[in-house]
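Top line first, the protein sequences correspond to chains H and Z. Per the numbering used here: the first sequence = residues 1 to 184. Per the numbering used here: the second sequence = residues 1001 to 1252.
Don't read these hints as lab results, they were simulated from the structure. Misleading hints may appear alongside valid ones.
[Stated by the list, open to error] Not everything, but these chain H residues come out facing chain Z in the computed CB check (under 8 Å):
id	residue
1	78
2	81
3	170
Glycine residues also receive a C-beta, built at the ideal position from the N, C-alpha and C atoms.
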Amino acid sequence: MTLAQLTLRSVLFGQPRAWTAVLALAAAAGALAHKTSSTLALDKEYLLLLAIIACIVAATTSLHTFARRRELATLRALGMPKSALVLMLELEALWISICGILLGLGGGAMLAWCAGHLGGPWQTLPKEGAALRMAEAGSTLAGLAAVLAAVLTVTVLAALVPAIRAAHRAVAPGLALIPARQEG
Amino acid sequence: MPIETRSQDAPLLRLSGIHKHYRHGDTGVHALCDISMQVEAGEMVAVCGPSGHGKTTLLNVIGMLEPASAGSLAFDGVDVAGLCERERLALRSRMIGPVFQCFRLIPVMTAVDNVLLPLMLARRLTRPERGEARAFATELLARLGLAAQVHQHPVRLDPGQCQRVAIARALVMRPRLVVADEPTSRLDSSALRMVLALFAACQREQGTAFVISTRDQRQLAYASRTLQLGDGRLGPRPAQLPRAIPGALPPA
């Protein structure tokens, strides 16, 4: 199993809170896509959305690493170098972001398409809801690339500090924590 | 590399005057006091003693998972204190196979992937090497009676099976020293027989040494030496236990 496979499994099956982050990122990426569809200018609104994404990624990585102290200490004890641990946590953050972007853009486009075909009051939604207008952003390649680049760059930077802090935690105290399955 | 300039006559493991103290709130705890011991290749040294008297700390120091406050630790005559972090990591990966008290399996990986993890972390394997490693990991699991659980995730295994997966993981790198914290605490008699048979084969074929913390009387009988740890000090040996015939296994 490669590191990429391990991190993807960890995000998809290991941590339910990762999906909370995926949903939050989907909304933020969707809003960013909507914003990018109208203008590529680097204004306050654009920076605010990127800051929200950075906060989501940093908070998720911090919580993720704290909740998994035992697992991370085990990996270090089995020979994982600190640099590889940082890389692993960065990859996990990137998977969360990629899932969020796909969900935000893909889900938004699908909802917009469905709303367009349902008729009646639903037809007005794509013009009003930011999330539903993501389809418009997805239609322009430049807008999509801009969203991807911005979100992934912010993800890497936001996850860096919590990842480095996790890699520098002492191994023995992490191993001493009692697993929930054996408590009591 | 300094770790290659080893002495041929040196014991596999030598601890000299090891002390370990740390702070717990406002009080200082002296977990290990002046521990000196040697372990030769192929030996099985059992460390016994009550809970909270420093067994796990001693194993952590031997396994280079935490540094000693004072004293020296040497493998094959090479003092660990003289190594940089990268060299220590390389030495630990190559020489030491750890078995942790609560198994510490990775939940999103299958049993065989958990066993393969130290190999995967040590270096990038080529495709043929990956195949060989997987076959060896599967064989180890089969020898521990887990042939049917190779592709199960830890959540589907009982504690005894998890413990055997953790033991297989410690042996997959063919380490020269296995440092095991209560490795047989959850095993029934038949599983214990399989584990001891595998340990004996490693001792015989590869000269693997074992330092084991245990309170399991069944395992103490198979140790080459038993050391008593009390209040962080190695004390006199406990009352002599009935010795097992070397290489023999407990009755079924």
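Results of checking the hints against the structure:
Annotation: residue 78 of chain H was flagged as interfacial toward chain Z, and the flag holds, the nearest CB pair being 5 Å apart, inside 8 Å. For residue 81 of chain H, the interface hint holds, the least distance from its beta-carbon to any beta-carbon of chain Z being 6 Å, beneath 8 Å. A least Cβ separation of about 7 Å between residue 170 of chain H and chain Z falls short of the 8 Å threshold, and the interface hint therefore holds.
The structure is consistent with each of the numbered hints, conforming to all of them.
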